[in-house]
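Enquirer: Each chain, written out:
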Amino acid sequence: MSDDDRQIERCNGTAREFCVATHPILTVDHPMSNPQSPPPLSEIAGQSGTDPCDVAEGAMPDLVFGDLSQNDEQWVRSHTLTCRYCAGILDSLEEVCSSLDACNDDICEQAARSVPAPHIAMGVPEARYGFSDSPVGDVLVAATDDGVCEISYLSNHDRYDILREIERRGFLVYEKPAAVQPAVDQLREYFAHQRKEFNLPLDLTGVTPFTRDVLTATYDIPYGKVKTYGDVAELIGKPRASRAVGNALGRNPIPVVIPCHRVVLSSGAMGWYTGGPEIKRTLLGIEGVRYSPAVADSSQATLTLG
Amino acid sequence: MPVGYSTPDARDTSRATSSVPDKCLFTNVVERFGNEVFRFCCQLTGNVVDADDLYQETLLKAFRAFDRLPLDANHRAWLYRIASNTFISDRRKMSRVQPISDGLAESLSASQTDQASALDARELLGEVETFVQALPPKQRVALVLRKHHEYGYAQIAEVLNSSEAAARANVHEALMKLRGAFAHRLEV
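Going down the list, the sequences are from chains A and B. Per the working numbering, residue 9 is the first one in the first sequence, and the count goes up by one each step. Per the working numbering, residue -17 is the first one in the second sequence, and the count goes up by one each step.
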């Protein structure tokens, strides 16, 4: 067994698939891989009632693009040796092709100088993202020109899903850690107990008006204090909407900075959290709000303000 | 930590030029194919100003439709197709306002042939370019793809949503028209 054979076997495909995979030029429409190739031009031209000049002329565009088989090309070229009419056509076609090349070179030169950056070309704003470590695992931080638009826990969210979601809000997403450095710094200070308030512009593009109201009300809950879902519902003037408030907070794109972890159940239990109850417990712990970890179901953990 | 193209799905580098990993962002697609699509736009429109517009329209359409694209789609072919369709439909709209017909282009080049000997090669190139601009858009797309992007007729047919025979006919027709318009001057 030769090396190639072994490789074909490894590919677990046919020899042809192997050739196509290793020699990209052999695409399906390449003459070499076309199983039923047309009859040679010499044969067509030899049929009675056929004008060889017609055959030659018809094949010339394929010839100048290199689409003819070697035999067919030879036949056309030898025909042009004997026929001045066809020789003229072939010459001029080759000239036309080379002037097309020259046009193309010009255009490509211009194009290479001026490829517009996508966000400029499209008029679509950018969102830049970076990463930060934290006591609750790595977080992804993204910001637009208007402010921070996303903070996500990578411990339980797929990075790609987060970024696709930002694209769906209409932003072109680029990794540019420097652009989110201020937010990352302030997050680190918060986790190190050195910051109680964030001083960051926020971008809530793509957030529904109701959710925006909920997030705005939640934003004002001070460090180390908690409110219930019902409290927030009342704050936005919709006292019966506490369940909807819970859903809206679940869609908070900027946790920690918009402190949805400070909203708890009216029973005093901690309630659900986008990053998982452990993260909510940790964040509240940083702020001095203690939940007893003894209770098995942590979302039912009882509150002791400390 | 780059996303998308460096995921483990992308480890098969032999296919990297044509295929893209399942999980990628729109920005990854533009980073990868933006330059060549812009060049394609330039070749179709023949100038950078119109190419900017075509490129913008192409990217915006692609951005909006990105969600509906199957995960295993061929992003490169998809962008070429959007650019071609946009170009063709824009030309159609434009021709309603300001008709650019074959006839016009032929008479244009015919009237100028009288001074053929006075024109230098550069001017001639400009005219070839103008003539190519005036080709019916499908022929233009087919010619650019075959001539400058090494597309086979099957791929051109896919882009134009036509048969392979029609794709071939479009390329041949464009080339023969060009020859008809310029042959006698190119021989000088």
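Calculated from the structure, these hints are not laboratory results. Remember, it's a predicted structure, so these values are computed and weren't measured experimentally. Virtual Cβ for every residue (Gly too), placed ideally from N, Cα, C. Please note: incorrect hints may appear among the correct ones.
[Stated by the list, open to error] Straight line, CA to CA, 20 Å or less: simulated SDA-like cross-link-like pairs of lysine to any residue:
no., chain 1, residue 1, chain 2, residue 2
1, A, Lys233, A, Thr290
2, B, Lys5, A, Ser163
3, B, Lys43, A, Gly131
4, B, Lys43, A, Gly178
5, B, Lys43, A, Glu173
6, B, Lys5, A, Thr290
7, B, Lys5, A, Asp169
8, B, Lys5, A, Ile229
9, B, Lys5, A, Gly138
10, A, Lys246, A, Tyr231
11, B, Lys5, B, Asp49
12, B, Lys43, A, Cys91
13, A, Lys204, A, Thr290
14, B, Lys5, A, Gly178
15, B, Lys5, A, His165
16, A, Lys246, A, Thr236
17, A, Lys184, B, Lys43
[Said to hold, decoys possible] To give an idea of the interface, some chain B residues facing chain A are shown, with a C-beta separation under 10 Å as derived from the structure:
no., residue
18, Phe20
19, Gln25
20, Asp49
21, Asp54
22, Trp60
23, Ile64
24, Leu107
25, Gly134
[Said to hold, decoys possible] Okay, the calculated beta carbon distance ranges per label pair:
no., chain 1, residue 1, chain 2, residue 2, range
26, B, Glu13, A, Glu205, 35 to 45 Å
27, B, Ile70, A, Asp228, 24 to 34 Å
28, A, Pro124, B, Leu51, 50 to 60 Å
29, A, Pro247, B, Asn56, 46 to 56 Å
30, A, Asp109, B, Ser71, 53 to 63 Å
31, B, Ala55, A, Gly178, 14 to 24 Å
32, B, Pro52, A, Asp166, 45 to 55 Å
33, B, Ser71, A, Arg203, 21 to 31 Å
34, B, Asn56, A, Asn79, 30 to 40 Å
35, B, Pro52, A, Cys116, 23 to 33 Å
36, A, Asp114, B, Ala59, 18 to 28 Å
Enquirer: Could you work out which of the previously given hints the structure breaks and list their numbers from low to high?
Expert: 6, 8, 10, 12, 17, 21, 22, 23, 27, 28, 30, 32, 33
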